[in-house]
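J.: Sequence:
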Amino acid sequence: MSITLPSFLPDAAYRVCLLTLKGHCDANQIDGALMCFSKMMENFNADADLLDVLINSFVGQNRVYGAYKLLVEIVNVVHLRPWQATFKLLIEKLLGKGKLEESMNLLWLMKKHNYPPYPEPFIRYISKWGTVDDAKEFLKAPSVKEYPTIGAYIHALQSFLEEGRHSEFQDLLYECPHHIRNHPKVSELFAIKFTA
Numbered sequence: 030m031s032i033t034l035p036s037f038l039p040d041a042a043y044r045v046c047l048l049t050l051k052g053h054c055d056a057n058q059i060d061g062a063l064m065c066f067s068k069m070m071e072n073f074n075a076d077a078d079l080l081d082v083l084i085n086s087f088v089g090q091n092r093v094y095g096a097y098k099l100l101v102e103i104v105n106v107v108h109l110r111p112w113q114a115t116f117k118l119l120i121e122k123l124l125g126k127g128k129l130e131e132s133m134n135l136l137w138l139m140k141k142h143n144y145p146p147y148p149e150p151f152i153r154y155i156s157k158w159g160t161v162d163d164a165k166e167f168l169k170a171p172s173v174k175e176y177p178t179i180g181a182y183i184h185a186l187q188s189f190l191e192e193g194r195h196s197e198f199q200d201l202l203y204e205c206p207h208h209i210r211n212h213p214k215v216s217e218l219f220a221i222k223f224t225a
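Residues 30 to 225 in the numbering used here are what the sequence shown lists, from first letter to last.
In case anyone wonders, no lab produced these hints; they're calculated from the structure. Hints may contain errors.
Simulated crosslink set (EDC-like; lysine to aspartate or glutamate; CA at most 16 Å straight-line) [said to hold, decoys possible]: (1) 98 x 55; (2) 51 x 76; (3) 169 x 192.
Here are the simulated distance ranges between beta carbons [stated by the list, open to error]: (4) 41 x 158: 28 to 34 Å; (5) 89 x 130: 41 to 47 Å; (6) 169 x 101: 17 to 23 Å; (7) 89 x 196: 38 to 44 Å; (8) 206 x 40: 50 to 56 Å; (9) 89 x 219: 29 to 35 Å; (10) 193 x 77: 38 to 44 Å.
Since this is a predicted model, take the numbers as computed values, not measurements. No residue lacks a Cβ here, since even glycine has one placed at the ideal position from N, Cα and C.
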């Protein structure tokens, strides 16, 4: 499909292309939507709105891994900055499919784009199905600072306890820095573990 509008109508051309892209997505024509998006990248500055429409279409067709690959490629090759909501949606969907590594990669990309940390779905996932190594890797990722916050450690430890995963709680606690292990809130969690 070729869309040619006079150069003095860039906003109108953009809107027509956006509607065409949405039409392809609504009709579950992903290949057509990808071609349309590619043309838009050639003719206009593709933006986060267009990428969001495309990613949502992939997700709507249960092509979550395809959406992930597309997002990573667009970010790394085209240097487009996706919306925070696009990252969040894809992280949640990937974790729902058990794709922790890919979700962590998106978390690092969010950090690279100066978005705030998004720990909630990771804590839920890791506390139910993850390992202590998963928790340690996660604790490295979301912090804007060099080291994870005390609150992040406490949240992860508490989540393991809430899921009844006491050995993982103890293993993670053992791996924590000394100042975390000796923190009063951690002592409270440890006391709760033994009274439960």
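J.: Starting from the range 41 to 47 Å, see whether the pair residue 89 and residue 130 falls in it by beta-carbon distance.
T.: With a Cβ separation near 23 Å, residue 89 and residue 130 fall outside 41 to 47 Å, so the hint is violated.
J.: Against the range 38 to 44 Å, how does the distance between the Cβ atoms of residue 193 and residue 77 compare: consistent or not?
T.: holds (41 Å)
J.: Holds or violated: residue 169 with residue 192, Cα cutoff 16 Å?
T.: violated (22 Å)
J.: Need the status of pair residue 51, residue 76: alpha-carbon distance at most 16 Å?
T.: With a Cα-Cα distance of about 14 Å, the restraint between residue 51 and residue 76 holds, given a limit of 16 Å.
J.: For residue 98 and residue 55, compute the direct alpha-carbon distance and say whether it is at most 16 Å.
T.: violated (21 Å)
J.: The hint says 50 to 56 Å between residue 206 and residue 40; measuring C-beta to C-beta, is that right?
T.: holds (53 Å)
J.: Does the Cβ pair residue 89, residue 196 satisfy 38 to 44 Å?
T.: For residue 89 and residue 196 the Cβ distance comes to about 40 Å; the hint holds.
J.: Against the range 17 to 23 Å, how does the distance between the Cβ atoms of residue 169 and residue 101 compare: consistent or not?
T.: Given range 17 to 23 Å: holds, Cβ gap about 19 Å.
J.: Given the hint of 28 to 34 Å, is the C-beta distance from residue 41 to residue 158 inside that range or not?
T.: Violated, since residue 41 and residue 158 (Cβ atoms, about 49 Å apart) do not stay within the stated range.
J.: 29 to 35 Å was suggested as the range; check whether the CB atoms of residue 89 and residue 219 agree with it.
T.: Distance hint for residue 89, residue 219 is violated at roughly 45 Å.
Of the numbered hints given earlier, the model fails hints 1, 3, 4, 5, 9; all others are met.
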